[in-house]
Amino acid sequence: MTYVAAAYLVTVGILGAYALSLWLRQRSLRRPRGDGR
Amino acid sequence: MLLVLAAVAVPVGLALALFVAPVEAFQGEPYRILYVHVPSVATAYLAFTVTFAASVAYLITRRGRFDRLAGASAEIGQVFLTVVLLTGPIWGKPVWGVWWTWDARLTTALILWFIFAGYLMLRAWSGAQGARAAAVVAIVGFLDVPLIHWSAVLLRTLHPRPTVFRPEGPALPGSMLVVLLFNIAAFVLTYLAFLTVRVRQEAAREQLSQAGP
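Quick note, the sequences are listed as chains C and U, same order.
According to our numbering, the first sequence is numbered sequentially starting from 1.
According to our numbering, the second sequence is numbered sequentially starting from 1.
This is chain C alone, in the form it adopts within the complex (with noise of 0.2 Å):
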């Protein structure tokens, strides 16, 4: 079961961490931008 439990939180982990970095790129994308100086 050590070894279901380690797969199952590798596949979780990993596409959590994307579904965070998706969000995170979303999140710079919406911030205004400043005018520059």
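Since the hints were made in silico from the structure, they are not lab data.
Nothing false has been slipped in among the hints.
A partial selection of chain C residues facing chain U, derived with a Cβ cut-off under 7 Å: (1) 1; (2) 3; (3) 7; (4) 10; (5) 11; (6) 14; (7) 25; (8) 29.
All values derive from a computational prediction rather than experimental measurement.
Ideal Cβ placement from N, Cα and C applies to all residues, glycine included.
Fit chain U to the given chain C structure using the hints.
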């Protein structure tokens, strides 16, 4: 909407795999890794197929949206392929006694990971000018996908032959097959949700860069 559906379907699928699917007589509990390993493989194949088709379409039409679709799909395919390459050894250790072996299927899958790692680096570093080169790399790299699938059929490998995607039909009993198909659908849904967001982000990023500072 797709993201919400995926966020519900994946935990439900994993719970079905852990608590509802019956135990396999020969392998015991470790066989439950099948329910994350096979859906990840199927989704990675789908993602790289979309990249291949979008790359061909880009080379013919030179429309930016096909290039964006190819890049986004390859990135997500690489995520699922990473899951495959990590859950495979975790399954291999209790069943084969080794984490890794240089068997034809495992080796061709690892080669695919390196090909698309190179593809993503090429896209990241070459910018818009590299779109044509990236499309060629994706088309050539995709040739490894059928090689991976058929390597376990045509060659003597430690990795078992396909049990679901085979011409004679699935070899799994119904109670296992239903849970597996549910998980495949949940992973494909996750891929589609990620793809929709990623393609929109790339389009927005291009618009911002064209608008200037």
